[in-house]
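Protein chains: 2
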Amino acid sequence: MRFNEELAHIATYQAGKPIEEIVRTFGLDEKDVIKLASNENPYGASPSVVECIRHNAHKVSLYPDDSMHALISRLQQHYGIEYGQCIVGSGSDQIIELCMHAKATKSSKILMAGITFAMYEIYAKHIGAQVIRTPSKEHNLAEFYELFTQHKPDIVFFCVPNNPLGECVDAKELYRLLAHIEQESSGETLVVIDGAYQEFASYKDSSKHIDPRDLINRFANAIYLGTFSKVYGLGGMRVGYGIAQENIIQALYKLRAPFNITTLSLAAACVALEDQEFVRATLEKNFTQMLRYEEFAESRGISYIPSYTNFITLVLENPYDSSVICDTLLRQGIIIRNLASYGINAFRITIGTQEQNTRVLLALTESMR
Amino acid sequence: MRFNEELAHIATYQAGKPIEEIVRTFGLDEKDVIKLASNENPYGASPSVVECIRHNAHKVSLYPDDSMHALISRLQQHYGIEYGQCIVGSGSDQIIELCMHAKATKSSKILMAGITFAMYEIYAKHIGAQVIRTPSKEHNLAEFYELFTQHKPDIVFFCVPNNPLGECVDAKELYRLLAHIEQESSGETLVVIDGAYQEFASYKDSSKHIDPRDLINRFANAIYLGTFSKVYGLGGMRVGYGIAQENIIQALYKLRAPFNITTLSLAAACVALEDQEFVRATLEKNFTQMLRYEEFAESRGISYIPSYTNFITLVLENPYDSSVICDTLLRQGIIIRNLASYGINAFRITIGTQEQNTRVLLALTESMR
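So the protein sequences, as listed, match chains F and G.
All the letters of the first sequence, read from the start, carry residue numbers 1 to 369 under the UniProt record's numbering.
All the letters of the second sequence, read from the start, carry residue numbers 1 to 369 under the UniProt record's numbering.
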């Protein structure tokens, strides 16, 4: 059977190996495996979330409330936005997908950083749109401006802070560029500000803080993406959201599949948003533990990218090879993210708990003698 | 901001009113509200599923196993298919969406019954494809054949049994038509057999049974859709699947978003599939209870469509008006599905528990004096 031509250019997404497979392959004990590859919250979710799920477990036969009234109201209150300025997706991934289908066509160009969140390109390929990347790996706003002027892309993605590198553009500088983009595109270029790790960046440095309400009030062509998968510890529940002016939200709603979030995910996200003390404690521990990786790198003369997230990226030089090191750690049951597939000799480690980080640092020390 | 032109022709999906809103609007007690509008399992989910969710509630921070190895292996075993012949979606809805994006374009035609599952048309509109419907409301295979020959559609949908009407085509007759379609399209027309309610149909009448393995072995251009939302009682968990030859599954995988199922949904579906005794008991009670609606209708000379599902559709004549009756029941806290929006004077009732049906039948008797 023939399929649409775009499919010929899409490689099937390859998931990371499940823990069970690593346990089997290397003869490990499951409890000894540490997964620090997907930037999940190492402290889990708020205890109130776990309690909420247990309490609601018997309701699984009922379709979710597709209006998502409870969750959208809470997000509205949390961010001080209007009710119609928010859409909830199965992870913020799904909002990216909706943006792509609502705005881009085969003849569109999509602008993004040299190295950034992989799903922007994957969804662009679903449409058959052309991806334009800045020469710099990290976000370089001057390059963004130049390529924007040259290509007039339909969508520009900014990952603030950036995954998988960890750097973060300054909010003021970003806003200056957004003003240019809005003016020169007559508000027709959709600007996606992916704030999946914004809570981390804002906590570390307020000059990195993007306030969604402020953003969309200034820029009618911008959409802010947030997620419950990171600091809120709900990676397994698939809940993200988009915040934009109502006309953008309405366009995305037209393409949203009904019941795109599970009943338990909705309940969990509502409760998670209320436990801001859990969020604060996570942020504090994250940056305290991150210092240990920075010290490790500095003491050995290894480069790292100062991170505004819950992970840190170490950039290697000869004779070190990120693929060898990641493989060595994997055999000991430590899963980190090799960035070789991005064309760099580097790896990304999610900041774990104190105990996990101790084990990782020992293993790194061993493998980088 | 301008969006893609297809969006102009899409009406935003309007969800049914959540129970909370009905409670508020009509001053009811939540426990007195009966929802028999979405064909959920009135007996909930298997107790082992509820236990599994409680047991796994603390794992919500971890991304799901994106290989879905555990669930796909169980489906493989359940249906006697090959491992590569199955893809799991966020409800079987998502598989419909993937089929549409993989196979259809703006210039495609999509063939379906006069009245059938609403999402086929909605996803066709996302693409901008043209929907062709049979003149008959129920599945009429002669009309399907004629329209197929005339239009050469890229996709044909068969809902077996059909939602929201409840009728079911005979498997042998369907296979005869599928042979024509395969031959005349040289295997290029994708045939979607939506088996969301197949467990009910097969239980009632084995001549309605579609065996997915047999189907795809006979027809390389067919895909079978199944769901955990109905007889398995997992409507709130969003798990469905598609079964087809490997080349079709691989095409859909290219467009699948990673992590499209929650961690708890995967665990719940695995356990649900194992409790076939729960399935059997649900089926038995469903058809025993359905007799009460048939008797009610017959005793009052009201037409109904003999149903092979977990719902029954009553077709009214003057002076009865489905909108009036549904509204009357709603005010008493009984939510059923008015089919006026499908252009027929009819309503659909999910077969509830004995107690629920007693209340519904009393209310219907009152409102149809």
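Misleading hints may appear alongside valid ones.
Copies of one chain are not kept apart here, so a pair can be met inside one copy or by any two copies together.
Using 30 Å as the maximum straight-line C-alpha spacing, the simulated DSSO-like pairs for lysine-lysine come out as follows [said to hold, decoys possible]:
#, residue 1, residue 2
1, K109, K59
2, K59, K106
3, K59, K204
4, K172, K109
5, K31, K285
6, K204, K125
7, K59, K125
Calculated directly from the structure, the hints in this document are not laboratory data.
Predicted model, so just to flag it, every value in this text is computed and none were measured.
Structure-based check of all given hints:
Taking the shortest alpha-carbon separations for K109 and K59, neither the intra-copy value of 44 Å nor the inter-copy value of 39 Å comes in at or below 30 Å. In this assembly of identical chains, the alpha carbons of K59 and K106 never lie at most 30 Å apart, being 42 Å within a copy and 40 Å across copies at closest. Taking identical chains as interchangeable, the C-alpha atoms of K59 and K204 lie at most 30 Å apart only when they sit on different chains, with a minimum of 28 Å there against 39 Å within one chain. Proximity of K172 to K109 under the C-alpha cut-off of 30 Å is restricted to the intra-copy arrangement: shortest distance 26 Å within a copy versus 49 Å between copies.
Within a single copy, K31 and K285 get their C-alpha atoms as close as 22 Å, which meets the 30 Å cut-off; across copies the closest is 44 Å, which misses it. Taking the shortest Cα distances, K204 and K125 never come within 30 Å of each other, neither inside one copy (35 Å) nor across copies (45 Å). For a Cα distance limit of 30 Å, the shortest separation of K59 from K125 qualifies neither inside one copy, at 38 Å, nor across copies, at 32 Å.
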